[in-house]
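Q: Given these sequences and hints, build the entire structure.
Protein sequences appear in the order of chains A and B.
Each step along the first sequence adds one to the number in the working numbering, with nothing skipped, and position 198 is 198.
Each step along the second sequence adds one to the number in the working numbering, with nothing skipped, and position 180 is 180.
Just so you know, these hints were derived from the structure itself, not from any lab.
Some hints here could point you the wrong way.
For lysine-lysine, the following PhoX-like pairs were computed, each having C-alpha atoms within a straight-line distance of at most 20 angstroms [said to hold, decoys possible]:
1) Lys91(A) with Lys54(A)
2) Lys91(A) with Lys94(B)
3) Lys361(A) with Lys132(A)
4) Lys94(B) with Lys94(A)
5) Lys91(B) with Lys94(A)
All figures in this text were calculated on a predicted structure; none of them were measured in a lab.
So you can see what is in the structure, the chains are spelled out below.
There are 2 protein chains.
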Amino acid sequence: MESNKFAIDTIDTGNNQHPLEQLQTISDQTGLKLKDEKFARLMDERDPLHHLRKEFHVPTMSQILYTDPKLVSPDDDCIYFCGNSLGLCPKMAKDYVLVEMDKWATRGVQGHTTGALPWVECGELLEEDMTKIVGCKREEVAVLNSLTVNLHFLLISFYRPSKERYKIMCESKAFPSDHYAFESQCRLHGFNPEDALICLEPREGEFTLRTEDILAAIEREGDRLALVCFSGVQYYTGQFFDIPAITKAAQAKGCQVGFDLAHAVGNLPLYLHDWNVDFACWCSYKYLNAGAGAVAGIFVHERYRDNTFPRLLGWWGHKLATRFVMDNNMELIPGARGYGVSNISGVLCAQLKASLEIFNKTSMEELRRKSLLLTGYLEALIKQEYSRPAGKSVEEDGDAIYIDLFSPSDPAQRGAQLSLAFNISVENVFKELEKRGVVILTRVEVELQVGEVKSKYFVFCAVF
Amino acid sequence: MESNKFAIDTIDTGNNQHPLEQLQTISDQTGLKLKDEKFARLMDERDPLHHLRKEFHVPTMSQILYTDPKLVSPDDDCIYFCGNSLGLCPKMAKDYVLVEMDKWATRGVQGHTTGALPWVECGELLEEDMTKIVGCKREEVAVLNSLTVNLHFLLISFYRPSKERYKIMCESKAFPSDHYAFESQCRLHGFNPEDALICLEPREGEFTLRTEDILAAIEREGDRLALVCFSGVQYYTGQFFDIPAITKAAQAKGCQVGFDLAHAVGNLPLYLHDWNVDFACWCSYKYLNAGAGAVAGIFVHERYRDNTFPRLLGWWGHKLATRFVMDNNMELIPGARGYGVSNISGVLCAQLKASLEIFNKTSMEELRRKSLLLTGYLEALIKQEYSRPAGKSVEEDGDAIYIDLFSPSDPAQRGAQLSLAFNISVENVFKELEKRGVVILTRVEVELQVGEVKSKYFVFCAVF
Ligand SMILES: Cc1ncc(COP(=O)(O)O)c(C=O)c1O
Ligand SMILES: Cc1ncc(COP(=O)(O)O)c(C=O)c1O
Chain A
1 MESNKFAIDT
11 IDTGNNQHPL
21 EQLQTISDQT
31 GLKLKDEKFA
41 RLMDERDPLH
51 HLRKEFHVPT
61 MSQILYTDPK
71 LVSPDDDCIY
81 FCGNSLGLCP
91 KMAKDYVLVE
101 MDKWATRGVQ
111 GHTTGALPWV
121 ECGELLEEDM
131 TKIVGCKREE
141 VAVLNSLTVN
151 LHFLLISFYR
161 PSKERYKIMC
171 ESKAFPSDHY
181 AFESQCRLHG
191 FNPEDALICL
201 EPREGEFTLR
211 TEDILAAIER
221 EGDRLALVCF
231 SGVQYYTGQF
241 FDIPAITKAA
251 QAKGCQVGFD
261 LAHAVGNLPL
271 YLHDWNVDFA
281 CWCSYKYLNA
291 GAGAVAGIFV
301 HERYRDNTFP
311 RLLGWWGHKL
321 ATRFVMDNNM
331 ELIPGARGYG
341 VSNISGVLCA
351 QLKASLEIFN
361 KTSMEELRRK
371 SLLLTGYLEA
381 LIKQEYSRPA
391 GKSVEEDGDA
401 IYIDLFSPSD
411 PAQRGAQLSL
421 AFNISVENVF
431 KELEKRGVVI
441 LTRVEVELQV
451 GEVKSKYFVF
461 CAVF
Chain B
1 MESNKFAIDT
11 IDTGNNQHPL
21 EQLQTISDQT
31 GLKLKDEKFA
41 RLMDERDPLH
51 HLRKEFHVPT
61 MSQILYTDPK
71 LVSPDDDCIY
81 FCGNSLGLCP
91 KMAKDYVLVE
101 MDKWATRGVQ
111 GHTTGALPWV
121 ECGELLEEDM
131 TKIVGCKREE
141 VAVLNSLTVN
151 LHFLLISFYR
161 PSKERYKIMC
171 ESKAFPSDHY
181 AFESQCRLHG
191 FNPEDALICL
201 EPREGEFTLR
211 TEDILAAIER
221 EGDRLALVCF
231 SGVQYYTGQF
241 FDIPAITKAA
251 QAKGCQVGFD
261 LAHAVGNLPL
271 YLHDWNVDFA
281 CWCSYKYLNA
291 GAGAVAGIFV
301 HERYRDNTFP
311 RLLGWWGHKL
321 ATRFVMDNNM
331 ELIPGARGYG
341 VSNISGVLCA
351 QLKASLEIFN
361 KTSMEELRRK
371 SLLLTGYLEA
381 LIKQEYSRPA
391 GKSVEEDGDA
401 IYIDLFSPSD
411 PAQRGAQLSL
421 AFNISVENVF
431 KELEKRGVVI
441 LTRVEVELQV
451 GEVKSKYFVF
461 CAVF
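A: This is the structure we're talking about:
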């Protein structure tokens, strides 16, 4: 290897230099054009996280559906851009699942207290690893249930409206499940969501919410707000909200603040404790790669460790030492674990464990460094090849294809997802990508898988 | 085979003849004593469900922990009496789980819409089979989440207290998780559980609640009761409550009636629709053999198909056809499915599917016939060998061992579980049983696994 000076890990992405500039510097130094496949391959070679890719099953072109054999080589890896919907399968997941299945087959009920993941505490055993991903203390996190279920359980505690202060502020394009959760929680307390739910819209002609506008809205509506609940990363636009600023502003007005981190967790570093967030919840089937319907997680700030808010209790929130005394005297586990309700599947925990062990081989900061370059690289190529001439509309326009990015162009305000708008039929774009083995979501967006499976994208961008 | 006239399937257990008498008749006809191992083996041979045993992994003596190699043969099956805690693993479970794991590995997100259990509808696909087990119509059942989680979601709808009518009636020994759920739901609505929760105690000196006393209590307290919520089969005593009578009495007083069927489902036939139950919930890791933390089920009577009760909503309750339009306009699925909140694990559904397919090879009525004989047989042997002389207390008493049955002695009032009290230390009994490869729960009870894996017990009883 000639020189390492432009290896990804030597690039300080903590500074204000835009990833595009960094990529340009490397391009200048190597004399390789960005769109030259050699450039992408070189970036892969120099990628300090490249070895983690092999920890995942990447489906091949022939394994996934709808590829056109005339356009792809059957044994090549597919181009998986769908980590924001379902992360790829860690290779160890099957092994760990089989351990739990075999334990069930060979030990029956004794599996509750034996083996790598004794089922009575399989959730707990993953929480230490989870703290590193969301940036919190041990007691602040719990692994349990699923996302919307947990959101409701947390809202029962943290949304405590009074006659004067009863509103919930959220994004206008909150994820549907969250939106339904908010609406139904308003109704539960006798409020009409039309009145009680404030859904912030981006400014006319804009796709993403400006932080200043969010803060101004909190300032304006604050006295009537019981709760501010945003996503960490917006599922549609990929916008990374300014969690600490929103938290601070909302708390200054006396509101509770929660975040749905479905698209943020495992995507970029989070510091929930330091950011002073009140509560948060997430799923682990996206960037956390734990499989569809995987066991989810919650964060409850340590100041609520012994809270006496309303709660929906269950025996899995009871201290383990005395849980099976069965005398119906609740001894609540302090902290997030106290929100435990039902026992948890060891098999689902096995899936999550397989993924967390890969995260343990790196850090969210390291992943973020790579992610910024990857996303920046795709953006650079798209801009280079498909920029819409100023003044042209996003309409059909002869043969020319234009792509508008509607994720924030500031890398600090987005995660690993780029959401794109086309001047041609998105269905056609989607079909053509499918034929070429590019797995994306059918919404008007193209997504980037963050983390360990992403190095492919350099290549993808080059061969696009 | 000489004669089939005493085969289990020819015995009408629907009549009032006690299983003990039936067993005695067979004993007389064959000239084999009940405690003769040959009797047990003959019963096994004639058991029309015997072939279903091979559908399960029965752990061997050497696979389970704590057996004493001097007392057991390593390759013999263990004596698994713990189906009321965790059902044994159906042999197909691993295969079906691997199908889902492989789909994830080879197709990623495309697994949501492809394969045997497309993840977007894997819960729905099991509901038809579930209707046969709980006795209800298609729209009345949903497969989702876990038990206590579902109980809370149902209580949010069905426990709607007013100032006058706010109490919940339950058993004094309700399962801890249910007890905590009731308490916390009372508090959620601003009531003190000390006042709002009526926990029915058995009469002095009795272990089980008399139906007449339950009905009298409902009659007495009815005007203050918002909800009556019992288990179907009591986890501690094995008592099978008279669900239709309780339902009718409570509804006559204007209360909602729900049942926790954790220990009833897959144990004995249920007819939730005909019994007119308002709502019910259950787990599927006990007699339903779907594995620890398995996906659970709910029943909501069809008259509430379009109910406008308070609910905690999520996107998995949204009609599938338009669920992914993501326009945040809720189109609720009618019936139980509308209680769907979060997406469900295909892997967990695979586990349940493996078990439901075995149930499909028989019927709850057929299982019940066998179960009555099995339980009756164990009871007969215990009575024969360990009856406590009248007047003797349940205390330590020299070398004599006495066993008191505190499950109902009327077979119609119990499921597959016999709960036993000993005049010697239960820990010692437990340890001695463990050495002999008898897997039971550590509470003061011995349990019978119902269903497909139970034929062993004839043998077990004989070699005890
Ligand atoms: C009667 C009953 N109710 C509730 C539960 C709690 O179940 P889960 O942990 O699945 O919520 C159990 C578990 O054994 C039970 O037996
Ligand atoms: C932002 C967000 N919130 C909530 C959900 C709903 O998740 P679940 O079905 O696990 O409750 C999702 C699922 O994709 C999501 O992306």
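Q: Please go over all the hints and tell whether each is borne out by the structure.
A: Each hint tested on the structure:
{"no.": "1", "hint": "Lys91(A) with Lys54(A)", "in the structure": "holds (8 angstroms)"}
{"no.": "2", "hint": "Lys91(A) with Lys94(B)", "in the structure": "holds (17 angstroms)"}
{"no.": "3", "hint": "Lys361(A) with Lys132(A)", "in the structure": "holds (12 angstroms)"}
{"no.": "4", "hint": "Lys94(B) with Lys94(A)", "in the structure": "holds (11 angstroms)"}
{"no.": "5", "hint": "Lys91(B) with Lys94(A)", "in the structure": "holds (17 angstroms)"}
When each numbered hint is compared with the structure, no violation occurs for any of them.
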